[in-house]
Structures are given as structure tokens and as C-alpha cells.
Amino acid sequence: MNKFMEMLEKFLMPVADKLNNNRYLTALRDGFMVALPLIIFGSIFVVIANLPFLDRLIGEEAFGTYQGALSSASNATLTIMGLFVIIGIGYKLTQSYEGEAIYGGVAALAAFLILTPQVLEGVEGVIPTTSLGAQGMFVGIFTAFLAAELYQYFTRKGFTIKMPEGVPSAVARSFSALIPMTFTLTTFLVVRIIFDMTRFESVQDFIYTVVQAPLTALGAGLPATIVAVLLIQLFWFFGLHGQIIVNSVFDPIWYALANENLLAFQDGEALPHIVSKQFIDSFIVGMGGSGMTLAVIIGIFIIGKSRQMKELGKLGAPAGIFNVNEPIIFGLPIIMNPLVLIPWLLAPVVVAIFTYFTMAAGIVPAPTGVIVPWTTPMILNGALATNSWQGGVLQAINLFIVLIIWWPFLRIMDKQFYETERKH
Amino acid sequence: MLKIMLACSAGMSTSLLVSKMEKVAEEKGIEAEIWAVAQDKVIPELPKVDVLLIGPQMRFMKKKYEAKAEELNVPVDVIDPVAYGRVNGEAVLTKALELAGLN
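Chains as they are written, first to last, in numbering that gives the first Met the number 0: chain W, 0 to 423; chain F, 0 to 102.
Next comes chain W alone, as it looks inside the complex (with noise of 0.2 Å):
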């Protein structure tokens, strides 16, 4: 056993090193990190605009007028979340450069919006808002990383104007971002002309039928969700932060699942997709931590004869609440311990089925997209994020099912605990 995991560390550790220091995927992390205040400002507006029972309270009209006061809150933000990520993106990569970030940020805006179609069923200067949100994000994604690298590349190359002496400096830089922005710009004008040549209408159409539309539908089903849940409690069992490293790989995928749904959910249709970031964020991970060890707290809290048990319950609680589980992820300790590796790697596993199917039959409603912080307790969380009532109770009945799952394994564990303290 200890070999096996030995060498499970031995592994492990440099894909979390890979992943996560990756130049590209810490930019794509970094760079949704700058659009999740934009997000949950949008989100929280459409938990507003949608209180349940509002428009028997008020009526049909009222409610109709209600509704379309506070809609440009999230049409600003949530709808459009692609440009946020792809400004934040461009930024976070020319960075890790050492560039001029901004003009990093900017390029790959500009660079987006070459490429996006700027007609709508005949009527020209306008830009759809669907190629700006979720349908947009591959494309934005991969013009954000090209843009920023392109612009780097055209700036290190000494493609500046050289202003001569006396010019102010201000002056000068603004002159030393002409050219390579130009350059940049025009590269993307040429992909787009080419583009249009063929027989795809926009490299948006392709990019989102050729790569987007396949993985979003990979990882909108329970397979690939069971394997991102296993690995990220692989990770934390050998006390890696496998949130963030699987994360960086899934976010792109799992938000742009959230945004399809929320754009169903404020046209008043059925929700296309089960999974999404939220229901990671709020019936995997948002149930105390990763793990949900808020059952286990409880779980301690019943069971717990032994000292540490005790101890170990008090200090891990009040940050439990707010689903910040490392005092017990250390602390009981779960990362290394072969005793609890079965309830750790099975709890989320089997509540992540649960959790699918009484979605697809219809009992509790999928997330509807809205992005609830992570910080947000469950219950609440679960019932902000479902738009319902049963959200809230389903995971409460989670958090039974994984109490249940753990309950043998704590009892085992606060025995041997308390023999040894007897002992000493």
C-alpha cells in the first residue's frame, strides 16, 4: 500500500505542477477570476428578477415590468461574460510576460470581435450577444492566448517606432503599442477573410461546432463529471488542491454549460443541461469543502468521544460553514490516510449520481446557471443556485447520504483515537 501510494504521489504531483503552472491555463484561471465579480453581479440580479411567487404577488404586468428594470444588470455581465473573460485573459497572459498587460487585455478583445459576425438576420453594425457569451468562449479563449502571444511576439521583436529624444515617454509608448497591435490585428483580419471565403460562415461557427459543441457535450454528462469528481478527490487525498488543478482544466467547459442554462432559464425554457459549474460548485464541492465534509463535522460531532475528535470538530466548524474544510482535510487528517480513502473517493461519487438523476427525472431543477460564490453555506446555496426550494433540501438529503457513507469509518477512526488517549 505504501509503495502504490508512493509512487500515486510520485505521479500526481507533477501533473498538479503541469496544470497548474501552466502559462496558458493559469492565464485562463486568472483570467475568469477578473469576470467572476461581473458574474455574480449578473447572477444575483437574476435571482432578483426571478423571486418565486413575485408574479402572483404583484401580477402578470407588473411582474413583466419588474422584471425588464432590472434585466440590463445581467445583460451586461452574465450574457456577455465572454468579452470579460477574453479582456481578462489577454491581460493575465501578457502579464505573465512581463508586457504591457492592458494592451495584451485589449488586443484580445479587438482580436475577438474581428472574428465575430457583425450582422444579425440582415441588419449590419450590430454584434449578436449569443457570440459574446457562452457560444463565444472557445473562440475567445483561443483568440485571447494567440492575440496576447502575437502581440508579445511583435513587441519583442523590436517592431516599435522609435520616437526620438524630447518626446515625452507617455507619447512614446502609446506610438511603441501602434505597431504591434497593428500587426496583431491585421493577422486576425486575414483569418477572418478567409474564413469567409469558405463555407463556414464565421470561424465562430466552426470553432463552436468543430471543438466547443463536442466537449461541452463530453463534459455535460455523467461520465466525464465522475472522472473530474475522482480526480479532484484524488488530488486532496495526497493533499493537493485538486479543485483548482481540475478546475483549470473543466472551467471553461462547466461555465459555458451555466451560461447556456441561464440564458434557457430567462427565456422562460427548459434548462438544457444538468451539469455546469454550479452543479459542481454547489452539490459536489459547496456542501463544506471538497469531499462535503460538512457531514463529516457532523458526523464528528455525534460519534466524537475522543479528545481529537473534539478538538478537531470546534476548530473546523465556523470555516466549514463557508465550505474552507482544510483544518479537517489536515487536520483529521484525510490526505494520506488509507482508513478514510473509501468514503472520501466514494461520498461525492455516488451524491453526484444521486444528484444527477433526481435532476433528470424532473424532482429538483437543474442549476439554473446563476453563479452562487462558493462561499455561500449550503442550503442556501443550493436553493440559490436551483432557483427552488428543493435545491436547499436536496442537499440536505446529500449531506445525509454522505454522513451516512463516512459514519462506520469516523466511528473506527475516534476508537482507535480514544484508545490512545486512554493509553496515555
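There could be a bad hint or two in this list.
Unchecked claim - Subject to a maximum C-alpha distance of 25 Å in a straight line, what follows is the list of computed DSS-like cross-link-like pairs (lysine-lysine):
(1) F:LYS47 x F:LYS62
(2) F:LYS61 x W:LYS309
(3) F:LYS47 x W:LYS9
(4) F:LYS63 x W:LYS17
(5) W:LYS9 x F:LYS61
(6) W:LYS309 x F:LYS19
(7) W:LYS17 x F:LYS67
(8) F:LYS62 x W:LYS17
(9) F:LYS67 x W:LYS313
Unchecked claim - Ranges of calculated distance between the beta carbons of each label pair, as one might list FRET restraints:
(10) W:VAL348 x F:LYS22: 18 to 26 Å
(11) W:GLY63 x F:GLU32: 41 to 49 Å
(12) F:GLU32 x W:VAL118: 51 to 59 Å
Since the hints were made in silico from the structure, they are not lab data.
Source: prediction; values computed, not measured.
All C-beta atoms, glycine included, are put in the ideal place defined by N, C-alpha and C.
Please arrange chain F on chain W, whose structure you already have, making use of the hints.
Frame of chain W; chain F shown alone:
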């Protein structure tokens, strides 16, 4: 004034430790400024720092920070998992003092 920076993924769990360390520092009369940051703020804040400590769950970040920290002569280490789990402010503070060569 010793400046100690802790880093983890979002600066959440390390901030638990910060408040414990501050308390211990105050009791012992050690002048220290201690704060927690998310991982993407580490490099920009490094010039202000005397000691950098990384949460054990983010230990794969160490290599990345080390290059920059060496340049600035800032010692870097990963926090002991047991001390981290027990939010043992005293042990981590002692470690920080050791790294800074003050103990």
C-alpha cells in the same frame, strides 16, 4: 517588523492561520505583519515580504515562486500539513522566525 505572507488558492484557509499567528505574535511581543493572499497575488506582493509560506495543498507552486523569491532573497517554505490542519499559529510563526533567521 517582520513581514510574513501566506499563500493558498484563494487566501481563505491561510487567513484562518493568520489570525492565530497574529495572536501568538502579540502574546510573545513579536512585531510582525502577517497576511494571506491568493496564489495570483504572490509574485506582485513578493517585494514587500520577508518570509513566504505556502499552504501544503498548494505545494506544487513552490518551484514557481522560488525563482523570484531567490532574486529578492526571500526564504520560501511549505507549511507543515499537521500544523496547518490544527491551525497551529505558534508552530507556523516559529517556523517563519526560523526562516527569517531570527530564532
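Margin query: Taking the earlier hints as the rules, which of them does this structure contradict?
Written below: Numbers 2, 3, 9, 10, 11 - these are the hints that the structure violates, sorted from lowest upward.
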